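Asker: Using the hints, position chain V against chain R.
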Amino acid sequence: MIDPKRVLRALAEHWTLLEPLCERFDSGTLSLIELRKQLTAQLPESTPVDITALLDQWIRLDILVPVAKSPNRFELNAQIHDFLAYLRREHRLGLCLEIEAYLRHLERLAGYIKDAFEVRDAADLARQLRLLDMRVRDVLKKLANDEQALVAVAERAKTSDRQIPLRQRYAEVLATWDEYVEPMIQLVAADGAFEQGVYRVEHVLLRLLGEQQRLGQLVDDDLLLRTHARILEMQTTAQLTLRRARELLLPLREEARRHNAVTRGAALALAAIRRKGLDAVPQASLPLFSRPQSTFLGTASQVEAYVYALARFEPKPAQFPKASTARKGEAPRAPRTAREMLERCEQALPLPDLMSWLLAQEPEGATDELLYWFSRLSRDARFQRERLERRDYLTAEHQVSLSSFTLLRAAP
Amino acid sequence: MNIDLKELTQLAPIFRELFKGYHVSRRDPELYAQLSNQQDQYRALFKALGYELVCDSRGFYYFVPELMGAQVNKTAQRLALFTFILVEHLADQGRDPLAVLDGGSLGRDELPALLEKYRDLFLQAEVTSVEELEEKVMRRLNQLGFASEENGIYRFLAPMHRFLDVCLSVQQDRDLAATLHSALPLPTPVLLGDELEDDIISLAEDEPDLDEEDALARAMADERAVQEIDA
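Just so you know, the protein sequences line up as chains R and V, in that order. Using this note's numbering, read the first sequence as starting at 4 and increasing by one per residue. Using this note's numbering, read the second sequence as starting at 1173 and increasing by one per residue.
There may be inaccurate statements among the hints.
[Claimed, not checked] Below, in silico cross-link-like pairs of lysine to aspartate or glutamate (EDC-like), each with a Cα-Cα straight-line distance of 16 Å or less: (1) R:LYS144 - R:ASP282; (2) R:LYS279 - V:ASP1292; (3) V:LYS1308 - V:GLU1298; (4) R:LYS144 - R:GLU101; (5) V:LYS1178 - V:ASP1212; (6) V:LYS1246 - R:ASP282.
Hints are computed from structural coordinates only; laboratory data are not their basis. Bear in mind that the values here come from a model prediction, so they are computed numbers and not experimental data.
The following block holds chain V by itself, in its conformation from the complex:
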């Protein structure tokens, strides 16, 4: 495929944004128009550079980070948690969660009540105050192109579908549903501090007589992974 760089007039800003983890949607008309008009060229160019450009038909573009470096970070967990909470909160109020999260809006003044109602859950994501909610969740949503803020109104954009998809996949996850509905006691929750030992101990439990070198290599790789997560 021949790529004509002259045609890719928005290459620099597009790459800069995508590289930062930003989702390009119709909120950025110029970048979006260019990406949708030259979709194949951009995809080929980024692929050659080692980046996978995802073109979601629901109207947004983003880079898939390389799997090696892509730890599910706290931000992703936090934003997913926020989405779950918001869906439930809206449904409780008799509002339509999809209408809000798919192009709808949420007032900034609704955040305190939301935080109060779900304080225990937000605590798990280290969000304890409205300021932290704005800083760690709303600002991140904005930075990553999931939402935009104007005059105290947060408008949710098409990339929010990525989190709605999480809701759908959770719903389809029968194991999760089964654990929740089973009468048997749940497995003891793994405490955050126990991660290190338990990870290593569980490593080779299914293969007790591992080849020694192999085992060492795996242990070291896992140790590195644990360090990366901690970092």
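The following block holds chain R by itself, in its conformation from the complex:
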């Protein structure tokens, strides 16, 4: 049996040496050589004999324990490690399953309490109530511990190197979310095991209070009320812990998800562009902006000249033709109707080249009009079309490059 006072004294005395060692032990075991090196670095004036004496003392007090099957490697005694972690507020995140297990146990204890009351066993009832109270304290301790651990997870993610990939940086956040927060959300949900368990225990305690008033006291009412209050505290703490976990981790998780979405989006867009060209990216999503070299109102004098011209603007008098005067020259031709054009085209079948035919028909036609007829006639169901080689056509105003069609009568 090791005297607790001696352990505590050693911890207090060697705190400056133990604290940095804790960090090393957090991530694994240390060999005797590593331990000696670490301590020599911290105590530069000590001799190897001093270091050996120090290590001996720690081993004797069970602060350091040899790793199973590797006698030259050491780790901190798990109990001491937990105690030091509590003092350093360095907590390891527990499992959601642990909380669930505690809850099940609380429910079982509530069952025993009910049984003890039914057989009027006052001693057993008091014992079970005390056990229940202690278990609730365990859950509270665990929730507080988990909250500290969650803060540490978020801090590590936020302060780690910005240059390492987000996937690595937030790996812990994502894992914590999946393994702790998500199950906790389900556990603490209204129909989850936590709320249900708390409800059942609470129900037993309240019923007990009522029955005690009716049948006479077996235990002090205060004990029941205290336990009940602690159960409610546990319920609130669980909800607060969960809320805090969401507040801490959700933004980081979203950032990681956004990062994934951006990378995936870019890869998708590149794949689409590779297959279908630059226009494959939906145009609606592209940012619009004015062109950098757009014409800009120039110097002040230019503006002045423009305003001056505007101020002196005089409209040209409109000349309307008189009804009486006879029209000179040819009367303007009425625009062609689709029916008319379709009929003419039909009569001229087969057409070796639709565009050439159109140009021959309408040598003075405007380009847009010709192109309209070209599209209208080439897609009409009455005709069967075959694409020709691309070539240039000269309209009255433009040179148009397109692949024309040969038109044949469509098979009936």
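Answerer: Just chain V now, with coordinates in the frame of chain R:
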């Protein structure tokens, strides 16, 4: 709303920059401070003039061009392509694309390797050499306020979020994802030269018996649109 022009001390430079398509961010502290302090006044004034000032909460301002005149131009496509490439390239290297594109930097000396790796894609955007990459992409990013260059280091600014948003919207575009992942053959790629005919032919295919005048008007409008794109 009463607008006091005396308070808008940076009106001229702000308007000049925004009108050019520039994105004002914290890189221009004076303009940015003025815009954020007098945001409502500026927005109202520009609105009255027919310009929509967008105040992005991520820290930048720009004009939305009128929809009629706003063709998605080659520059926008090129810059978007560059963003996609850069995101993928950085992710491939195990670097954090968001950290680089959201306030981070890229060395000019990284451009040749980037061009080499994505030569086929850059070719589609008519970028074939490092000089062209600097001229057509990096200088444009600089001119439009997306990035700044100093001593051979390009620093990306808050407006880059507009392109990151494109990545996000592409990711959410299920149609695009579906076409990419489907086993069916993709529709035949539309060749650039075919645009003219195909556009016109596809015009009224769903309404074969269009009213003639209507059809003509639409055909002409589309023809004009095609010309504008070509221009």
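Asker: Sort out which numbered hints this structure fails and list those numbers smallest first.
Answerer: When the structure is compared with the hints, only number 1 turns out to be violated.
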